[in-house]
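Trainee: Letter by letter, the chains look like this.
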Amino acid sequence: MFRLLASRLIQGVFTLLLLFTLTFVLVRLMPGNPYVTEKAIPAHVLEMRKKEAGLGEPQIVQYGIYLRNVVLNQDLGILFKKDGVRVTEVIKSSFPVSLTLGLLSMGIALIVGIPAGVVAAVRKNSLVDYSLMSGAMIGICLPSFVIGPFLAVTFGLHLGWLNVAGWNTWSDWVLPALTLGLINAAYLARLSRGGMLEILTQDFIRTARAKGVPGHRVITRHTLRGGLLPAITFLGPAFAGMISGSFVIETIFQIPGMGQHFVNAITDREYDLIQGLVLFYGILILAANMAVDLLQIAINPRLRNAS
Amino acid sequence: MIFTTRIVCLLVATLALAACRKETNADRGTREGVFIVGNSNEPKGLDPHQVTGVLESNILRALFEGLVTGDGEVDGQMNPGAALRLEPDETATVWTAYLRPDGKWSDGAELTAHDFAFAYERILSPKLAAKYADMLYFLRGAEEFNKEKTKDFSTVGVEVIDKHTLRLTLRGPTPYFPQLLQHYTWAPVPRHAVLKAGKIDQIGTNWTKPKAGVMVSNGPFRLKSWRVNDHLEVERNPHYWDAKNVSINGVRFLPISNSYTESRMFRAGQLHATYGLPPEMVKYFKANEPKLLRQEPYVGVLFYRCNVTRKPLNDPRVRRALSLAIDQQAIIDSVLPGYTKSYAMVPPMAGYHPPQVLKFDPAAAKALMAEAGFAGGKGFPRLKILLASKETAATMAQAVQSMWREHLGIEVEIENKEWTAYLDAMQRLEYDFAASGWIGDYLDPLTFLEMWMPGNGNNNTGWDNKEFAALIEESFKEADAAARFRTLEKAEKILVDEVPALPLAWYSRNYLLDPRVKGWSPLLLDNHPYQKVRFER
Chain A
1 MFRLLASRLI QGVFTLLLLF TLTFVLVRLM PGNPYVTEKA IPAHVLEMRK KEAGLGEPQI
61 VQYGIYLRNV VLNQDLGILF KKDGVRVTEV IKSSFPVSLT LGLLSMGIAL IVGIPAGVVA
121 AVRKNSLVDY SLMSGAMIGI CLPSFVIGPF LAVTFGLHLG WLNVAGWNTW SDWVLPALTL
181 GLINAAYLAR LSRGGMLEIL TQDFIRTARA KGVPGHRVIT RHTLRGGLLP AITFLGPAFA
241 GMISGSFVIE TIFQIPGMGQ HFVNAITDRE YDLIQGLVLF YGILILAANM AVDLLQIAIN
301 PRLRNAS
Chain B
308 MIFTTRIVCL LVATLALAAC RKETNADRGT REGVFIVGNS NEPKGLDPHQ VTGVLESNIL
368 RALFEGLVTG DGEVDGQMNP GAALRLEPDE TATVWTAYLR PDGKWSDGAE LTAHDFAFAY
428 ERILSPKLAA KYADMLYFLR GAEEFNKEKT KDFSTVGVEV IDKHTLRLTL RGPTPYFPQL
488 LQHYTWAPVP RHAVLKAGKI DQIGTNWTKP KAGVMVSNGP FRLKSWRVND HLEVERNPHY
548 WDAKNVSING VRFLPISNSY TESRMFRAGQ LHATYGLPPE MVKYFKANEP KLLRQEPYVG
608 VLFYRCNVTR KPLNDPRVRR ALSLAIDQQA IIDSVLPGYT KSYAMVPPMA GYHPPQVLKF
668 DPAAAKALMA EAGFAGGKGF PRLKILLASK ETAATMAQAV QSMWREHLGI EVEIENKEWT
728 AYLDAMQRLE YDFAASGWIG DYLDPLTFLE MWMPGNGNNN TGWDNKEFAA LIEESFKEAD
788 AAARFRTLEK AEKILVDEVP ALPLAWYSRN YLLDPRVKGW SPLLLDNHPY QKVRFER
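These protein sequences, in sequence, are chains A and B.
1 is the number of the first residue of the first sequence in the working numbering; add one for each residue after it.
308 is the number of the first residue of the second sequence in the working numbering; add one for each residue after it.
Just so you know, the hints here were simulated from the structure itself, not pulled from any lab data.
Among the clues, some could well be false.
To be verified - Some chain B residues close to chain A (C-beta under 10 Å, calculated; not the full set):
| no. | residue |
| --- | --- |
| 1 | Ala437 |
| 2 | Leu561 |
| 3 | Thr699 |
Since we're looking at a predicted model, the values are computed, not measured.
The C-beta atom is built at its ideal place from N, Cα and C for all residues, glycine as well.
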């Protein structure tokens with residue numbers, strides 16, 4: 001167990017270093033630079049700016065300096081287009097918002113998705129199953145930029161129950177959390193239905209039934225454990241994705257989260273911000289995957305013995 | 308199950324109850340005197356010496372006041388601002404500003420001529436690397452100082468006569484100088500606050516950051532709160548010289564980047580004014596709620612840059628033909644509601660008459676093409692229209708594509724690039740046609756003409772016309788405003804005869820405004836002074 005954790009950690013560090021290096025090279029391969037703006041900056045000003053920001057150095061030197069700052073000072077660098085703003089400040093101010101939204105959405109996804117999948121599996125090929133699964137299919141197929149405005153127009157404009165956008169009161173959390181949560185609930189429902197069905201056909205379930213174990217106990221005690229494994233595997237990265245923000249949801253509902261920085265940083269060629277966000281997201285994904293591994297070991301005895 | 312039902316009932320009840328609170332944000336804003344506006348995006352900063360965008364200028368206009376201040380109703384009219392009087396000499400080269408003796412910063416400190424001199428030295432300091440420093444090149448010696456040809460600021464035409472008198476010596480006659488002074492680059496900055504936060508030419512000090520305390524400014528409002536990507540609010544500045552005549556208590560700027568979200572927010576009563584409006588929504592509001600819709604001319608022009616260093620675009624006849632084959636009205640009718648046909652480059656403004664040269668004339672276009680050796684489009688290479696992936700640009704390009712096919716028999720391709728990649732390609736002259744636009748910085752034709760000078764950083768076409776450049780240079784020496792306009796008209800005639808850029812339309816601003824907002828009149832620069840805004844309750 002300990003060895004597994006340690007090896008995972010070491011792998012993680014290497015993955016992050018690789019990610020860091022790849023991002024560093026890729027962002028600089030993009031056409032343009034942080035100082036390309038619609039109204040051209042005078043040449044002498046551009047020179048001064050590049051010098052000041054350290055972009056005049058050879059790239060390998062820039063790489064070394066940046067890596068050293070990240071490792072030794074946990075400093076992710078600066079924003080080139082916003083004087084005096086640091087990457088860590090951007091993450092610090094936007095991550096709590098995305099985390100709140102992500103946790104709420106996760107809650108909705110779990111509360112709606114898993115029971116829906118389980119019920120659909122138990123009532124396989126019934127009307128309940130078909131309606132739940134068509135609902136899930138619609139949830140998967142409809143993009144968030146359709147669901148979001150639909151919810152906003154319905155509950156915000158027509159019914160007037162909630163604000164159509166903004167992030168000021170708790171009621172502002174409802175619509176974006178529903179949008180993000182329902183989409184993930186749809187995936188979860190399908191995955192848990194599939195997983196449940198697979199377990200339900202196993203011999204040990206038949207044995208349990210033959211031994212006279214009541215139906216609900218067969219489900220809760222014997223099937224859920226194994227049946228939810230695919231859903232749990234999906235949950236790790238999905239959770240990391242949800243708490244790191246969504247560009248589309250944030251734009252539709254005007255939320256000061258982290259997702260929009262992923263996209264805008266690239267358009268703005270904010271090299272350090274891209275690098276910082278990729279690194280932060282990388283750490284989240286690694287941590288989530290590790291948590292999933294541990295959870296799976298806890299649930300699945302076969303994995304426990306293998307480790 | 309019963310438990311779940313109860314929870315659902317409770318939730319629905321709460322929401323229904325919440326729906327009963329009928330006072331919207333806009334209602335509350337009206338009651339409390341806070342004007343809530345969409346401002347398109349998060350500002351890049353609040354230092355008037357570092358930002359360059361329109362959305363930042365909207366905020367800076369509330370925070371800072373230059374020597375003069377724009378009128379809320381009459382375009383081009385200047386009212387006294389931080390200065391009581393501004394007096395030119397007979398050649399309009401030396402301008403003396405007499406500051407208000409009672410002028411104060413928002414922290415109560417005295418506002419003096421030294422603050423202005425400090426501001427001009429700061430923005431021109433080479434190490435500060437201000438992107439808009441060239442706005443001050445009108446000052447004598449400013450360019451040399453900014454480009455480090457001298458380190459002595461006393462060579463620049465800025466002179467503090469006494470605490471309340473400032474003398475500015477310009478590089479030549481500039482009768483339109485008050486127009487320039489409206490731009491935020493000419494605003495004063497608080498010397499005491501800037502120096503407390505760092506050196507005069509230090510980039511990124513925290514004097515504009517809300518966390519460092521209250522940001523000091525001299526305009527009708529001062530910074531109240533700023534939450535990144537959420538809102539920025541300014542409140543009444545009690546030390547403003549005309550505070551008693553400022554009707555509203557504050558302005559709340561929301562960085563709403565999606566114009567559909569913005570119009571939803573407006574309809575739900577979360578805003579008093581939007582920043583923009585998508586074309587199809589313009590149609591909707593025109594038909595259903597015309598009282599809310601505002602469509603106003605805005606000094607800006609849309610055009611296609613031609614790369615004149617490439618064949619066959621190096622031939623003015625070809626460019627002219629391409630321009631004459633564009634049916635501007637058809638494009639305007641379908642995707643640019645409120646815009647107007649542009650027969651030249653400079654949008655019409657008081658006293659200046661752009662030459663009426665360009666119009667839709669397919670027969671003349673065909674003849675010109677034939678004259679250039681491409682009769683019926685034969686032998687014309689497959690050129691590309693470069694554009695950035697923004698909403699209407701692609702639709703417009705498709706329209707132009709089909710017009711050129713129909714009237715000239717030529718085929719062009721559309722190349723859609725991401726914003727920075729597009730700018731990079733354009734600035735490197737790696738394109739044939741580039742879909743572009745230009746918004747005036749100040750209300751004078753020069754802001755639309757100077758960019759076409761050879762070597763100007765915003766030319767980006769390779770067009771280099773000596774005669775045009777000479778006329779622009781000549782206008783720099785002209786003290787008589789009318790004579791100067793005639794010279795500029797002559798220069799523009801050359802520009803539109805040669806068409807290094809094919810004009811497509813003159814801008815209009817489409818937006819929504821709460822009818823309770825008063826004191827908000829159409830202005831060509833869209834630079835409404837917030838101190839004039841009031842609410843009708």
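Trainee: For each hint, tell me whether it holds in the structure or not.
Mentor: Here is how each hint holds up against the structure:
1. The closest approach between the C-beta of Ala437(B) and any C-beta of chain A is roughly 7 Å, which is under the 10 Å cut-off, so the hint is satisfied.
2. At about 7 Å, the closest approach between the beta carbon of Leu561(B) and any beta carbon in chain A falls short of 10 Å, and the interface hint on this residue holds.
3. Taken as an interface hint, Thr699(B) does not check out: its beta carbon lies about 16 Å from the nearest beta carbon of chain A, beyond 10 Å.
This entry does not satisfy hint 3, going by the numbered hints stated previously; all others are met.
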